[in-house]
Structures are given as structure tokens and as C-alpha cells.
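Visitor: Single-letter residue listing:
2 protein chains.
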Amino acid sequence: MAENKFDTTCIGNAIVDVIAKIEDDFLLQENLVKNSMNLIDEARAEDLYSKMGTAVEISGGSAGNTAAGVASLGGRSNYIGKVRNDQLGAIFAHDIEAIGVNFKTARSEEGAATARSFILVTPDAHRTMNTYLGACVELGPEDIDPDMIAGSEVTYMEGYLWDPEGGKAAFRKAAKISHEAGKRVSLTLSDSFCVDRYRDEFIDFIEDGVDILFANEDEIKSLYQTDNLAEAISAVREKVEIACVTRSKEGSVIIQNETTVDIEADTSIEVVDTTGAGDLYASGFLFGFTNGYSLADSGRIASLAAAEIISHIGARPEVSLQKLISEKL
Amino acid sequence: MAENKFDTTCIGNAIVDVIAKIEDDFLLQENLVKNSMNLIDEARAEDLYSKMGTAVEISGGSAGNTAAGVASLGGRSNYIGKVRNDQLGAIFAHDIEAIGVNFKTARSEEGAATARSFILVTPDAHRTMNTYLGACVELGPEDIDPDMIAGSEVTYMEGYLWDPEGGKAAFRKAAKISHEAGKRVSLTLSDSFCVDRYRDEFIDFIEDGVDILFANEDEIKSLYQTDNLAEAISAVREKVEIACVTRSKEGSVIIQNETTVDIEADTSIEVVDTTGAGDLYASGFLFGFTNGYSLADSGRIASLAAAEIISHIGARPEVSLQKLISEKL
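Chains as they are written, first to last, in numbering that gives the first Met the number 0: chain A, 0 to 328; chain B, 0 to 328.
Hints listed in this document are in silico derivations from the structure and should not be mistaken for laboratory results. These numbers were taken from a predicted model, which means no experiment stands behind them. Check each hint, because a few of them may be wrong.
If several chains are the same, the list does not tell them apart, and a pair holds so long as it fits within one copy or across any two.
When the alpha-carbon atoms are kept at most 25 Å apart in a straight line, the in silico DSS-like pairs for lysine-lysine are as follows [to be verified]:
1. 103 to 50
2. 33 to 172
3. 248 to 20
4. 50 to 20
Okay, chain A solo, but in the shape it has when bound:
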């Protein structure tokens, strides 16, 4: 087996978050379901932006946040995603590189602008996302460098990548290379609406080729179309090597064959913005897993990373997660 150059390669939609605080009424007026991720076109992006208040721009993208978290924890982190060569693309590239992530995907030279997600944060700290995929639709199999994937202990992909056609193809190519190199493939289900869109394909793909699955309670229930969490967990246990099911304030459950590990959430912090909680949970677990930590310790690192991210606006760590876990683990 080739020596690993990276602990993780994360592949996803490269997005700059445009975050604004709103009142709940705004969601009603705009027919938005709280906590959902909605795909929007350019016209709707302009319409929604014109109705939103003052915003803050921060690099985001689910797998991009996970890659940033792995790097902040001290892991060797690689990212694949598509931005355009525009100002927002330069911001995305700067931020992910500045935190220590390797990001070599070619920028697109024409076509749609760098993707934006208009993230509306209600007073209860929940976020509702409206994503204009922009340049993300240009990602394709040609952006998957086989050496990078073969040299990554885990290749992690977001379910959202299923939305653009090229993303899905890139995803399948990367999974194949990873397994041929004897490495692991990891997937996050991303969002229960995303699961609704691709349930059958996800079920097949998970059975065929996912070693480590991340899902929250809603997503895993949606995947197996059940209201019963125990039933969903029982179903997933047979399908993947490891499943991590996050349950917000209830903590998380890690399943590996007959082993079940319950992890508590860190409820001591004040929740400001839940954006990125799942992404950073994945950072923590993947960092732990690829660096020889036990399942339980990997879960604890995951919880600590998630707690840091929800304590402030934005989905990229504001402090060194490596330092944080050295103090708190």
C-alpha cells in the first residue's frame, strides 16, 4: 500500500457563506423550512440577497469546513472543490490554505461565479441555507488526481456533491481509486432533503462503497424511511464499517460492528450559530480515526470540534483545535 500523504482528502462544493441574522418571520415570508438546505438559481440568489440584511462573508462548504477542521486539529488535510478565478474564489482559496489545507483544484476560468450559500440564522441559533452552486457545477472527474486519493487514508465526500452531475461522477471516481489503493471512503448524508433527493442511489452507494458514514438523526431515519432511530441504527450497522450518528444536544452514537459508543455533547457552551456542527464533528472523528485514537476518543474530539464551531458565527474554527483538544480531551 502506498504511503499516505494525507490523513484525509475532503471533496465537496466549494462555497462562500453569506451569513445574516434574521427573525423567524422571514423564513415564513420566503417559504423556507428551518434547518434545510435549499438549492437556488442565480435569479433567486439575487432576489434573496436583496431581501436580506447586512451579512458577513466567511468561507464555507460542508467538506471545506471539514478539511479546515482536520488541518486545525493538526492533521494532514487535502481538499478538492471548484471555485472560479474571481474575488470570492480568491477568498475561499486563501482561507482554506491559510488554515493549512492543501488545495490544488484548478480554478474555472469562465462560466458561473464562485458559489455562495445564503445562510439565515434565526434567534434560536439554527441556520437555514440557500445555496447557489455557481462554479461548483464545473467540478468533474478530471479534477480527481489519482495520486492524491491513493495517498489519503480516508477520502471523505459530502452528499451535497450529488447535486451537480459532475460532482457525482468525481465522487464515484474518487471512491473507486480509494478502494483500489486499499484506503477508506467516507460519506456524510449532508441533509435530510438531500437524502430525499437521492435515497436509492445513496443506499446502493453506501452498500457498495462506504466505509465510514456520517449522518444526523433525521438523515439516517430518512435514509431508511423509519421514525425509529434504533431501527435505522440497526439497518446501517450491517452496511458500513463505522457509522457516526449525531443527535444535536443528545450527543452522538458511534457504531462499529457489534460495538456501540455513546458520546456526550458539550452542553457547556452558548450556541450562537449551528452552521458547521456536523462538518466539524466529521473533522474531529476523522482526525482521531486516522491518527490512532480509539473510537471513544475520536468521538470526544468530534464533540469538542463541533462545540467550538457552534459557539460563534461561521463554520471555520476561530481557535486552534489542536490546542483546544490538548487542553480539553
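Position chain B relative to chain A; hints supplied.
Guide: Just chain B now, with coordinates in the frame of chain A:
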């Protein structure tokens, strides 16, 4: 006298802030003086950005922040400043309009990109600014609409506007129109280094044509080249109708002829980032002054607005200042 369309028109360098947390060592390595504003060229902007960590982008610009604050307080607020028709320019325009400011200055169609200020926030919450003026150098007298100025009770300008040649010319034109219409001209000294650059011109301009002057302790001492605050205050008292001298944690002093009003700072809040403290102080005072509040109440509104802005990252209000003062004044 023409009826006022606006309480205030603020004129300044239209800038998007790029804010990153840093350690004090970084300032030493980069030869930066804490709390200063440094003008940088494009090459230095790229160099500095490449060395900075993950950043957050938020609309800024000293007078832009003041205009946003006046609008958030419920005042009729107008802004004049130059951005390019690029992504950062669109962000700047969105944010200032979304908070309720009238912003009609024509975007530049070519030349330098929208201005950025790389703001480095040290653990003590102080900020050191590095500003690439970009499209701001395109602002000129042609951007001053006489009707807007004649229809504004106060026209407020930042000292920083003296840096680009066209800005200074725009500034002088606006001051002339304002006075001819029987309205007031207000100036902030902006920064003690800015005072160093233009001391003689500022002294002349203040004597000739400033009615309401804003300065912090360092700036007013620098203006009159004295270490003695009382001496500086005594000097400025004869030159302008009203002077507001801010003193950080020591509060502020408002001087009008023989009247001196001491205003306490709100020290109950946790200081996260001092960016914009002076800008929002000016918002509060100008809103109060143009809406019939007493000097003392205008000063209290100023203090409350400044306290809100330093309690979070970024120099634009995160809550409705109108609501805040209705609860706290």
C-alpha cells in the same frame, strides 16, 4: 433653507474589511504599529493577505460604518463613496443599503478593485488596519450631488478621505455646498497618523469650515502637538461649534463653547474587537444631534452605539440600535 432630506450624509473611503485574529508577534514581524491605519499598495496587500490566517469579510469603511449606525438608530442616512462593479463592491453596496442607507454613488467600471482593509485583531481586542484604497481613488468632486448635500442637516467626512487626491477635492466641494445651504459640516480626524500626514491642512480646514469635530485623545493631542489633553481641548474649543473627544474606557468629553459634558463609557460589555468604536460613536452623536436630543443624551447614545460595536467582530451593528437605545437610554 431647503427642507432636509437626510439627517446626515457621510462621505468616505468605501472599504470591505478583511478581519483576522492574530498574535502580537505577527505585528512585530510585519513592522506594524498596533492601532494604526497603514496605507498599502496592491503588492503589499497580496503579501500581507498571504501571511494572514482565515479571515471574515464584512463591509466597513469609517464613514460607511457611521452611515450604517445612523440608519440603524432610525436616522435618515445617506452615503457617498466609491466601489468598483465587482463582487466586493456588490457586497459593500448590499450591506449599506440593507441597513437602510441611501447609497447612489456611481460604481467605477474600470481600474482598481473595490478597496479592502486587512484588519488584524490582537488578543487584547485592538485592531491594526492595513488599507488598500483600490477604487476609492476614483472618488472625485463629480460624485458630490449638490442637492444631497444641501438637503442634509450634517455632512460628515472622514479624515482618511484626505489620502486620495480626489477624495480631498470631493470633501472641499461638499463642505462648501453644505455651508452655502446653511447646514453643518462635520469631520473626524480618523487616526493620529492621518493627523501627522495632514496636520497643517486639517488645522486650516477646521478653522475655516468644521462645525462638529470628532477626535480621540491621541488625535486631538497630535493635532495641536501637545501631551496635555486639557490644552488640546482648550485649543479646539475656540475653533469649532462642537467637539467630541473620545477617550476609550475613560468615556468622552463633549465641548460646546463654555459647556463641557463628560460622558461615561459603557464598561459592562466584553470587548471583542474595537474596530468601529469611533465610527459608531459619531453615528450616535450625529443621530442625537440631528434629532433634537440634548448634548448629554446625544453623547449617551454615542456611547451605547460604540459599546454595541466593540462587543463583536466587525464594525457594523448586529442589532437594531434604535431598539437598543429605546431600552437603554
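Visitor: Now tell me, hint by hint, if it's right for this structure.
Guide: Here's how the hints hold up against the structure:
no. : hint      : in the structure
1   : 103 to 50 : between (35 Å within a copy, 18 Å between copies)
2   : 33 to 172 : neither (34 Å within a copy, 50 Å between copies)
3   : 248 to 20 : within (22 Å within a copy, 29 Å between copies)
4   : 50 to 20  : within (12 Å within a copy, 30 Å between copies)
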